[in-house]
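Asks: Same order as they appear, the protein sequences are chains Y and H.
Under the working numbering, residue 78 is the last one in the first sequence; the count climbs by one each step, no gaps.
Under the working numbering, residue 1191 is the last one in the second sequence; the count climbs by one each step, no gaps.
Derived by calculation from the structure, the hints in this document are not laboratory data.
Every clue listed holds true.
The calculated DSBU-like cross-link candidates involving lysine-lysine, where the alpha carbons are at most 35 Å apart (straight line), are:
id : chain 1 : residue 1 : chain 2 : residue 2
1  : H       : Lys1024   : H       : Lys1064
2  : H       : Lys1122   : H       : Lys1064
3  : H       : Lys1122   : Y       : Lys11
4  : H       : Lys1064   : Y       : Lys39
5  : Y       : Lys44     : Y       : Lys73
6  : Y       : Lys11     : H       : Lys1127
7  : Y       : Lys12     : Y       : Lys39
8  : Y       : Lys39     : Y       : Lys78
9  : H       : Lys1145   : Y       : Lys15
10 : H       : Lys1166   : H       : Lys1127
11 : Y       : Lys44     : H       : Lys1089
12 : Y       : Lys15     : H       : Lys1079
13 : H       : Lys1079   : H       : Lys1089
14 : Y       : Lys11     : H       : Lys1145
15 : H       : Lys1024   : Y       : Lys15
16 : H       : Lys1165   : H       : Lys1145
17 : H       : Lys1055   : Y       : Lys73
18 : H       : Lys1064   : Y       : Lys67
19 : H       : Lys1055   : Y       : Lys67
20 : H       : Lys1166   : Y       : Lys11
21 : Y       : Lys12     : H       : Lys1024
22 : H       : Lys1064   : Y       : Lys44
23 : Y       : Lys11     : H       : Lys1089
24 : Y       : Lys11     : H       : Lys1079
25 : Y       : Lys67     : H       : Lys1024
26 : H       : Lys1064   : Y       : Lys78
27 : H       : Lys1089   : Y       : Lys67
28 : Y       : Lys62     : Y       : Lys44
29 : H       : Lys1127   : H       : Lys1089
30 : Y       : Lys39     : Y       : Lys62
31 : Y       : Lys11     : H       : Lys1165
32 : H       : Lys1055   : Y       : Lys11
33 : Y       : Lys44     : H       : Lys1024
34 : Y       : Lys12     : Y       : Lys62
35 : H       : Lys1165   : H       : Lys1178
36 : Y       : Lys62     : H       : Lys1055
As a plain string of letters, each chain reads:
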Amino acid sequence: MNCSATTMARKKYSKGQPREAIFIPNAPGFSEILIHMGKPPYEKWSDGCIVIDEARMIEIYKAVTPKDGHNVKVIITK
Amino acid sequence: MKHLIVGILLVLTACSYTNAEVRKTDETETYYILLSNLLDVNQDQHTFTYASGVKQLDSLAAFKELERIYTQYIQPDMKNNTYSENRIKIILLFAFYAQQHHSAAFNEYLATDLMPIYMNNKTRFLKVLSELPFLTSASCNRLDKYFGFEGRSSDKKPAFITENKKRFTTMLNSSQMKECQALFNPQVSYQ
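For reference, chain Y alone in the conformation it holds in the complex (with noise of 0.2 Å):
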């Protein structure tokens, strides 16, 4: 639970905003990765990070409250 929902200030999304993100600390192989949007192909996006469809991470950012609170869980399955 130690996630958080933020924004990404050196990357945009397609509105020209910082790029809304969840910051997942310490994951495994990583100092930090996030969750935020690309396109397809999505590989491309990313260079450690998980990256999803831009309305999805929308909805999803929107949803959290507060922002860099420390309040968002993040479950990864295969």
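Assemble chain H onto chain Y, guided by the hints.
Replies: Same frame as chain Y, now just chain H:
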């Protein structure tokens, strides 16, 4: 008079918020923070407490501090969109940090940001690498990742190698060149 005082207070408050938003970190503090993160020391500067009272290291706050500094130093500090050697050193140290700590966010930032900096500052960029060879692998890795990342075409990578190989060979030693060249295999496109 009362309205004037309230007005001045409001202006001062607005100014203090503005200053907070644009807080700059000088180079000495930047190196201190970057090295602390590289060495995993001083982490207790960022903590948060759950509603249950449990105190925990705040990785997000540490990331946000680094991101704020990165955003400051990724801007050009010289005219015509160019960068000083000191600024390039800090940016390449971020690349080193991202590589060593497997920071997905900074790796993705630099996959986009580093190539334009190299293209506008080739001599200064390679001079920094020649002076600080430990930065070679991380820097060449990020330059290579530029091609094909976030929808960019990787078709231009062979031309980039052809056009820049002589410059790299002239300014880097043979060991560095070998290390960098291995990362720039034109047959390997970014996946």
